[in-house]
Amino acid sequence: MTAATLTPPRQGAAAGRDGFMHLLHAEWTKFRTVRGWVVAIAVAGLVTLLLGVYTGARSQEGCPGGPCHFTIPTGPGGEAVTDTYYFVHRPLAADGSITVRVTSLTEVMDTAMTPQGTAQTQPALVPWSKAGLIISAGAAQGSSYAAVVVTGSHGSRMQWNYTGDSPGLAGGASATSPRWLRLTRSGDVITGYDSADGTTWSMIDTVTLPGLPLTVQAGLFATSPGYTQQTSQQITGGSSGGAPTDATATFDRVNLEGGWPGNSWTGTPVNGGRSSISYPAAVAGGYHQAGGTFTVTGSGDIAPGVNGASSIDQTLAGMFIGLIAVIVVGALFITAEYRRGLIRVTLAASPRPGRVLAAKAIVLGAVTFAAGLIGAGGAILIGTPLLRANGSPIYPMTTLTEVRVIAGTAALVAVFAVFALGVGTILRRGAGTVAAVLTAVILPYLLTAAFPVLPTAAANWLLRVAPAAGFAIKQVIPQYPQVDGGYAPFQGYFPLAPWAGFAVTCGYAALALTLAAVLLRRRDA
Amino acid sequence: MRSALHAEWTKLRTLASTFWLLLAAAALTATVSAAAATATRCPSGGCPDDPTKISLTGIYLGQVVVAVLAVMTVSGEYGTGMIRLTLTACPRRITVLATKAVILTGLILATGTVAVFVSLLAGRLILPGHGIDPAHGYPALSLGDGPVLRAAVGSVLYLTLIGLFSLGTAAAVRDAAAAIGVVLGLLFLFPIIATVAGSQGAARHVQQIGPMTAGLAIQATTGLRSLPIGPWAGLGVLAAWAAGALLTGGLLLRQRDA
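Chains as they are written, first to last, in UniProt numbering: chain A, 1 to 525; chain B, 1 to 258.
Calculated from the structure, these hints are not laboratory results.
Since the model is a prediction, treat every value here as computed from it, not as a measurement.
Each hint should be verified, as a subset may be incorrect.
Sample of chain B residues at the chain A side, in silico, Cβ under 10 Å [what the hints assert, rightly or not]:
#: 1; residue: 1
#: 2; residue: 5
#: 3; residue: 36
#: 4; residue: 38
#: 5; residue: 60
#: 6; residue: 61
#: 7; residue: 72
#: 8; residue: 170
#: 9; residue: 172
#: 10; residue: 179
#: 11; residue: 180
#: 12; residue: 181
#: 13; residue: 182
#: 14; residue: 190
#: 15; residue: 193
#: 16; residue: 196
Derived list of chain A stretches under chain B, where covered just means 3 residues or more per stretch with a C-beta under 8 Å from a C-beta of chain B [as the list claims (entries may be wrong)]:
#: 17; segment: 311–325
#: 18; segment: 448–460
Chain A is faced by these chain B residues, among others (derived, beta-carbon under 8 Å) [what the hints assert, rightly or not]:
#: 19; residue: 39
#: 20; residue: 41
#: 21; residue: 57
#: 22; residue: 68
#: 23; residue: 75
#: 24; residue: 79
#: 25; residue: 81
#: 26; residue: 176
#: 27; residue: 185
#: 28; residue: 189
#: 29; residue: 192
#: 30; residue: 243
All C-beta atoms, glycine included, are put in the ideal place defined by N, C-alpha and C.
Make a model of the complete structure from these sequences and hints.
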């Protein structure tokens with residue numbers, strides 16, 4: 001009697017675990033014995049892989065006389081950078097500081113070239129033109145640095161190692177309202193200050209530059225990024241036009257303190273030569289010194305690189321083809337049971353519908369994740385070296401980012417399949433489910449990124465709220481507020497961060513599954 | 001033929017889903033079109049170049065509902081087994097498919113006309129409030145304007161051809177979910193493949209043969225030179241897809257057992 005009252009819960013618990021394994025096994029058997037589904041999932045993975053390889057194999061960068069071999073400079077963190085400016089410098093071999101007054105910063109846009117090869121210019125306003133003080137490990141591109149700058153219309157700022165950016169005083173520099181800047185160095189710690197009058201100083205930021213050599217190059221610089229304008233969005237896709245710009249800054253009251261061994265300034269155009277994709281056309285820059293006044297002209301930018309390079313996600317176009325097959329199979333995995341009446345047998349064999357749904361989701365998710373991993377992994381790992389071999393500049397990235405793109409894409413495919421399963425359970429009709437899920441997943445991506453017909457504002461809104469938000473997981477090149485990149489979905493920039501977008505898609509799948517489980521319990525099969 | 005038409009009409013008319021799908025097609029087309037018009041702004045770079053096309057954005061969603069309706073007129077019968085009864089009553093299978101096509105064409109023409117008219121009306125009312133007005137060189141949308149009329153009539157015909165294309169595909173594929181997958185796959189894939197086609201020329205060729213990319217060229221009223229294919233030629237490409245699908249579906253329907 002006592003034993004009988006004690007044992008059932010334990011037996012029940014054991015049977016529960018065992019029962020779920022049986023359920024998994026049953027659902028796996030149902031899946032693998034429908035040949036069409038297995039073929040569809042295998043084809044989905046293969047098409048993704050093969051189209052990625054094809055993308056890499058057929059790519060040819062158009063340079064006269066063969067493929068181009070661009071180099072993309074990388075910064076201390078391994079990230080792609082733009083590092084092109086005019087540098088007026090001298091060595092600093094110990095601790096020290098440099099102070100300067102900036103009395104003007106103006107920009108011109110190169111509008112045309114004369115037949116003699118001289119650039120014709122007109123005044124322009126470039127919000128992120130920069131001029132100021134910089135302490136750099138050297139004049140090579142990608143060197144570690146810290147700078148205090150006056151900008152075209154973002155006030156004075158301290159920037160370091162390409163991605164670091166702290167705001168200082170607002171407002172630009174002019175003859176009537178000059179801006180004072182100061183950098184101090186103590187070992188590998190650099191501190192930046194700015195001032196409106198040269199007497200009241202405020203600190204902007206203090207940064208540590210790991211591995212800064214004892215002797216660094218320090219001095220004045222000017223640079224100005226290309227002017228870009230998004231001109232139209234047409235049926236063939238967006239296009240953008242732009243022109244290089246030059247910034248000219250006037251400095252005076254240069255004051256050096258500490259260990260400056262040399263006694264003269266050197267002017268160096270920092271750029272990567274013709275092999276660099278950040279090389280501005282027809283602009284070399286230069287400087288002019290008259291008494292204590294320096295005039296420095298430069299073009300380019302010292303910033304994270306967001307333009308010019310292609311990223312590995314371009315090898316993933318085949319995923320969309322695979323995704324259509326995956327969504328059809330995900331929907332059929334449940335709606336076929338309704339059509340054939342098998343659902344009544346399934347629910348009679350396992351009266352807890354929530355667990356049936358969970359078993360289906362696990363089997364479907366695992367199978368589609370595996371197909372996605374083979375497809376996305378193969379496309380990227382084979383396609384990217386082919387792209388590189390054909391001379392396409394590939395945005396440099398960490399292994400972690402590469403793993404995130406591959407595993408994230410595979411996971412996204414699995415989540416979309418589970419989403420289709422949930423919607424299929426709710427609607428119980430194959431056609432409606434496939435139409436609804438494809439509309440929610442592929443159509444938003446199509447209208448915003450692949451075949452952009454929506455205005456950018458509407459596109460960004462749609463990619464925040466639609467299940468298609470998860471495609472952000474394949475974005476490689478980050479957005480930086482200190483670079484005007486015309487960030488839009490059709491250029492590969494998603495409005496949400498990679499994992500945030502993925503979370504939106506997961507939210508939809510979870511919502512669909514929960515609703516499906518509730519409905520499955522409430523209604524008759 | 002008349003009795004076959006009457007039978008198909010009765011079957012479609014008495015299905016509640018037909019009414020709701022047609023209503024959804026019209027409502028979604030008009031709503032999305034109005035939303036796209038509302039979201040349109042004139043940034044410093046200039047206004048978007050084709051207000052008519054923006055006012056007809058909803059066709060992208062409306063076509064999906066039309067495709068579901070068309071697929072269900074065939075696949076629904078396979079799902080329930082009704083197809084055996086239909087083919088027993090009317091053994092000439094091409095006639096069955098033809099009558100289905102006629103009924104479907106009539107329904108979509110009527111629904112599409114309403115959807116396109118409401119969409120353009122919404123654009124005409126909303127867009128001037130966003131700086132797209134005669135003062136900025138954009139006359140109010142009017143069907144008296146040749147290119148706008150072409151876009152409007154063409155969009156209705158586009159929806160109809162999408163319906164016929166889906167009908168033929170469903171007759172060939174039979175299973176509803178798979179048929180919708182094939183139809184939407186063929187519509188959506190070409191623009192995605194165009195993005196990885198390599199050269200601009202190859203991308204244009206891909207867009208010239210895609211049923212959606214070519215067919216929707218009919219919506220353009222400006223910049224016709226930059227289109228991958230001319231408006232009527234594009235609609236012709238879609239018509240060829242529809243004819244090919246109907247032919248394949250008809251032949252398979254005649255050869256197979258139900």
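query: For this structure, which hints from the list above don't hold up?
result: The structure conflicts with hints 1, 2, 9, 25, 30, although it agrees with all the remaining ones.
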